[in-house]
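Trainee: For reference, the chains in residue letters:
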Amino acid sequence: QKEVEQDPGPLSVPEGAIVSLNCTYSNSAFQYFMWYRQYSRKGPELLMYTYSSGNKEDGRFTAQVDKSSKYISLFIRDSQPSDSATYLCAMRLQGAQKLVFGQGTRLTINP
Amino acid sequence: DVKVTQSSRYLVKRTGEKVFLECVQDMDHENMFWYRQDPGLGLRLIYFSYDVKMKEKGDIPEGYSVSREKKERFSLILESASTNQTSMYLCASRPGAEGTDTQYFGPGTRLTVL
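Same order as they appear, the protein sequences are chains G and C.
Quick note on this note's numbering: the first sequence kicks off at 1 and runs consecutively.
Quick note on this note's numbering: the second sequence kicks off at 1001 and runs consecutively.
Where hints are given, some of them may not hold.
To be verified - Which residues of chain C face chain G? A partial, calculated answer using Cβ under 10 angstroms: (1) Phe1033; (2) Pro1039; (3) Phe1048; (4) Val1052.
By construction, these hints were calculated from the structure, which means they are not laboratory data.
Every residue gets a Cβ at the ideal spot worked out from N, C-alpha and C, and that includes glycine.
Kindly produce the complete structure, drawing on both the sequences and the hints.
Mentor: This is the structure in structure tokens:
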């Protein structure tokens, strides 16, 4: 079993829809949780970063962490074609350098 | 803006060749990383370095070595390239401060080994 599981999709939704992307993990000691966005032929860029449990909002993006269920989510409101990308969840332990990534979900927003 | 650059976007090599992938960052970051990215497997850590001349193995170090002679430069070396090393290679850097978790990625090098 992988440490971090992420549905690879692909996921295709119409413009304006609310998108929900999810990851589950097995190591309850993870403390830092991230979402990266990767456009085609580019490197990943950090989108959201959360420490421990709770919600974090940034514009149209909301990240949620539920440590009791070992489940994290990224919500995109009013999705735009420019949101079409691969979304990678990542997490790490306190004091560790290493990030553990999910497989990535490929998202397409159709105009 | 932080910039992480990689020496090549696309590279084609033959089995058995020695391959060097170079990464340079311009933000004086202590930590640098090499990942490979494969469909269905996500990003997997090959090696990382937390200081000049310091390195630690990641999850899949076999077949690779690294070199960090200067703070801004981190090289990945494939001593004898094999076809199963065909992949996208991503370099990243990160500041040393705990809690500052942004890893900045380069654009990647797509390596094909024939």
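Trainee: Go through the numbered hints given earlier and state which of them the structure violates, listing their numbers in rising order.
Mentor: 4
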